[in-house]
Amino acid sequence: MGVKTLKVYRGATIHTMDEVNTVISNADLWVYDGKVVKVGANTDIPSDAIIEPINGTIITPGLIDIHTHVGIWGEIDEQTNDACEYSDSFTPLMWAVDGININHFSFQQARKGGVTTVQTGTGSANPIGGIWSILKTGGNSLQEMIITEKSGLKGALGENPKNVFGQQYKKTPYTRMAVAKIIREGFLKAAVLSSEERRSQIENKTELSPFIEVLEGKMPLHLHAHRADDIATAIRIAKEFQIKLCLEHCTEGHLMLEAIKESEASVTLGPFMLPSTKYETRHSTPAAPKMFHEAGIPFAIMTDHPFIPIHYLILCATEAVKYGLDEVAALRSITSEAAKLAGIDERVGSLEAGKDADFVIWSHHPFESRSNLLATFINGNQAYGKEKDRLCNRLFV
Amino acid sequence: MTTTAIKNAQVYNLESGQFSKQTVIINEGKISSVSSPTELLPECNQIDATGLYLTPGFIDTCSQIGLKEIGIRWEGNDGYEPHEENGYHLDVVDGIYPFDKAFQDAVAAGVTAAHIVTSPEAVVGAKTAVIHTHGQTVDEMILNQHLGYSFSMGDVPKRAFWEKTKSPLTRMGIAQKIRSSLQVLQNTAKLQEVPIFIRSHRADDIVTAIRIAEEFSLPFILVHGTEYPMLPPQHHDHISVIAGPCFQPMERGELKHLDPALYQTLFEQRVPFTFATDHPVSSVGHLQMEGCLALKAGVPEKVIMNGLTKDAAKLLKIDQLTGSIQEGLLADLVLWNKHPLELTARAVRTFIEGKEVYRWE
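Protein chains in written order, with this note's numbering: chain X, 1 to 397; chain B, 1 to 361.
Here chain B stands alone, though its shape is the one from the complex (with noise of 0.2 Å):
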């Protein structure tokens, strides 16, 4: 049996959204108690991490991380299946490499999990998957296999269709795509247990993916939601948002309003939502400092801490594995050496499963 024993750290509480002295203690890659920094100790390895903070691992959840890897051009890039029309029948596992040098990256940014997401030229993308950033083998890393169905609108898919058939594709057309991919899902699948992702930034787009959720009843995920806050404010039950990235360039028409004020309208709207890289849109490097914009647009503190931990575990269905400092989650956590909230905070070590996959030296 290995046990350690983080101590002295300021240890997040994602009720109070404080930070407080705790001891968390560590078993068999598990959390396994969450105690006073008074109370004894039982003999085992002991972390010192005095004047350090302690969060739970942060979770990407939107990613392409290992599916389009960093360096390197077509020969690493397995996001898009450009021949595949109902792409539901591919499966981001089976594409991703473990040794793609961004999950370095990402383990030294405090992300210990990560949403895979077909690239957004797929209309109807692969079922996606949870991840670890770590492993030698994907087996190992995932937390959730089949965690949804991706699918993408706009100039992007439009774009790559062209490319492909020299035929234009409309919003319309993608509309339809997405509503027949749906009507044969349907049969197959639970679509209401099994979430459905859509990427679109512009408004009208938006509006459109929520038509369709609502013609087939379906809660939906909105990814990106660049335009959301031109919309009329309005309340719609199913709807989350996996919103961003806001630090990106902004090299086409769709981007033109992409502004970290989309975390502040999406937080006084009540629309829950969560944080994203879009790796290697944005690096996944960038993940915390995504919650930092928001902080600069007015998002309560835990409101942000929590879319980068627990509500993020929660949209992706692994709140019951991971996603908060808790007795019997796996151990990962992250220690930072200021709040994690800060622009210049850096993770000091990072621990996925208990196992230590990142320290700064």
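In isolation and in its complexed conformation, chain X is listed as follows (with noise of 0.2 Å):
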């Protein structure tokens, strides 16, 4: 929890990421028990409060990744991959909670990065694949660092699939159309239940019980596509259902940017910045984020961690500015539309009153190549960076 003090945090140049993108030069950030008291300048400052000189230095909002497998892929020791279960290509119970382990070191990277909150979970292995969940990259527990337990159904179109079932395993999904049915088989059964029938369902905690909550909107559907088809079929699907759909990759989206905009379906973009060792990624270019700008499509821009070490997600978000991304919009996109995307924009996103005291400072403005991160603090705790002392000493030079 955090601290039982009034600490002001001053001098800095604040992005709020509020709904107007507010920028507030020699601010004061006021933070009172975990949660942001106050953004202004020249405010007036209690005599009891702790006041923290950070002169010349960038506060953002924490940064948001919510595409990513944080605690889960294992990387570095396969022994612990935990993200895809390989045994049936339906998995609808594989929940993120029961395999994120928070002492990995890729919460520390994430820290390390600034990434504040992430979403993270299962793999893409499985057309029907698991749980996810969104939390903080700091805390004590898993507990307490989850905002939603329960983030979305995860599923996978396209190659990955098909490689893994179909030519690997010699099962089912070899094709396509296999893996739509496969999608589509969960939601065909639990459209038809009762309502009665449904409760006891979700009560037993059946194979059925996570298409339910779906369909009732309690959580939306991811689906990983890469192509175009894949991405229509994504559509098709979400659009049978009535169901809300968050399109996850859209590497392909740039070439039907109308059909996307007209399902109204949330969108992550990454990671634009591997080389397309894959076929069906081979039309990925970081210049799909100013298109799906320009297009007025909303979008979170994503590192899908290990693919893209989650420290380097601000370098995401500044490629997309190198291929045209207004920098406001970038920032957005790791920030207050990432949380907006989740649902989780209440909470954190921006810095304004009432919200979590999640924030960064960084030397420079982050997109600068000279830009260092200095601390990140989460819950208004330090979550990384230098000491004070070296931290006062390094902004003062």
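Careful, some of the hints might be misleading.
[Claimed, not checked] FRET-style restraints, in silico, Cβ to Cβ:
{"#": "1", "chain 1": "B", "residue 1": "77", "chain 2": "X", "residue 2": "285", "range": "20 to 26 Å"}
{"#": "2", "chain 1": "B", "residue 1": "99", "chain 2": "X", "residue 2": "194", "range": "58 to 64 Å"}
{"#": "3", "chain 1": "B", "residue 1": "146", "chain 2": "X", "residue 2": "343", "range": "58 to 64 Å"}
{"#": "4", "chain 1": "X", "residue 1": "108", "chain 2": "B", "residue 2": "215", "range": "36 to 42 Å"}
{"#": "5", "chain 1": "X", "residue 1": "343", "chain 2": "B", "residue 2": "356", "range": "44 to 50 Å"}
{"#": "6", "chain 1": "X", "residue 1": "108", "chain 2": "B", "residue 2": "272", "range": "30 to 36 Å"}
{"#": "7", "chain 1": "B", "residue 1": "233", "chain 2": "X", "residue 2": "44", "range": "48 to 54 Å"}
Everything labelled a hint here was simulated from the structure, so no lab data went into it. Think of the CB as a built atom: it goes at the ideal place given N, C-alpha and C, for glycine as much as any other residue.
With the hints as a guide, bring the two chains together.
If you want it as structure tokens, here you go:
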């Protein structure tokens, strides 16, 4: 929990990322009990407050990466890879919370990179993979870190399920048609249940229960889709069952912007900084965020950690700027917009009174080469950074 | 005679590390003069580069571009020959596909030359080559056809060997394979003049590589060097490092300590180093970003700029041809819209031997 003393971080330029993207220079950021109390310039600071002078720095909200496998992929130590349950192509009951290791070093990497919130869980081998969660990247227990325990049912279309099951295991699905069939199956069965039956399925935590929750709008369906035809299939399925869809990766989305806009699906873009080692990502481009922005489609930029290491989330947004995306839109895509798309904007994504005190102190604007991350705060607690004295010495040099 | 003048650009000077306004004249694919902006121009095509920065083309000092094509799997992968134990009989130029889409990414990112090295799977890899990143046949792209010999240590060759033979290969076994290859090569090639490149990440592998090179009294070039900062600082006369790429997934144990602080350590310890993407490990498009990461880590601008250009050319023995903006050298040049070590800077126009091979529309 946050510190029960009012702390005022004084002198930075704050990119609040509020509704109108207010930037306040020489600002005061008031933090009490883990929450932001006030953001403004020349505020009247109570005499019992602790003032932290951080003149000349830049503050942004803690970054949000809404598509990762933090704590669960077990990169480096493959013995602990718990990201895909390969034993079956249909595994709707695989819960991220049962697989996340909060002591995995990827959480440290996230904090080092200013990422304070992640959505994480199963990977993309299974047409129906499991249930994702959204959590803070710092805290004493998994329970304390969770923001949204069930943030969506995750599935995948295209090359990955075809490759893992069809090619390697010689099982279904071998074709894109079979992938779609497996995804539909759960919804078809759940859609015909009476409300009584639905309640019983949920109570018994059956395989149909996640589908019921998606059908009832309690969580979205996240579908991994790179190729244009897979994106169209995802949209078709969502339409058939009137469910909320999140298009994950959406690599060829820039080739079919109208269809995506019309579908009202939410969109995550990335990891467009990887070379296209797969055939289905051959049209991947860092110019996609710009095109989505110009088409008026909200999106979040993501790393798909470990595929782009999570501490480089900021570089992913910067790359989009390099390819023409407006700077504010780029920063929004990893803060306030990401929070909105993930349904957690009541708590995080911007620095406004009442929100969680998740913020990052940078030496320069984070899109500049010379920018270094000086400190990361989660719920008002310093989660990464040099100790205060060194921090200040650096700042005043 | 085709003559082109690039005028009003901020031109990079490798001695001072500064940019200043100069006019660069290109004639028949070469730089014919670098002069003050006030000098009268001959009659020729003129490119007004006001507001732009002009640098030599960047050089990727370890890459598999064209050898391991992007977007496809085995059909486009010619980076590793599992059944050839003595890879030095092979030649990378026989595997390069000039229409790999990644070549377009290269020129769009200001990369005009690359050193092609076989995949890390091969303990003893093919003869390496240096090529331009544009052309219709590899022959016209070649800058240095037989640069050196490449070797690889650590978990990647271990796994590749296991997959092929179902018998383990130890680090001792790898060292032995490298030693026996060098013994053979010593009899046929002048190894003092033909550089050897050794891929290794882990500190113990780096030390083994140094030990082997000392046994043979050979200078060698360490590729990757991920855990170099973990070695006690000690001056090694005959080492230079093709460092990184730092921007890549850290999925294997050997990459656990990968961090751009590597560049800062090499700089502090005065170890000569250059940059690489090892494309497609990182994309060739991110060579400039490796430079930005070095800047973030505290390496001076000039060291980085020269590491991306002149020092890279020197290491690859092509500095008499390219790598600096100097009279008589090939006109391998890039115009940037911002200082090239800005993260958001983009190549606006790229020239190889004076021919425009990329323009940002």
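So, going through the hints one by one against the coordinates:
1. B:77 to X:285: 20 to 26 Å: The hinted range 20 to 26 Å holds for residue 77 of chain B and residue 285 of chain X, with Cβ atoms some 23 Å apart.
2. B:99 to X:194: 58 to 64 Å: At roughly 60 Å between Cβ atoms, residue 194 of chain X and residue 99 of chain B fall inside 58 to 64 Å, so the hint holds.
3. B:146 to X:343: 58 to 64 Å: holds, 59 Å
4. X:108 to B:215: 36 to 42 Å: holds, 40 Å
5. X:343 to B:356: 44 to 50 Å: For residue 356 of chain B against residue 343 of chain X, whose Cβ atoms are near 49 Å apart, the range 44 to 50 Å holds.
6. X:108 to B:272: 30 to 36 Å: holds, 32 Å
7. B:233 to X:44: 48 to 54 Å: Given about 53 Å between the Cβ atoms, the range holds.
Consistency with the previously given hints is maintained throughout, with no hint failing.
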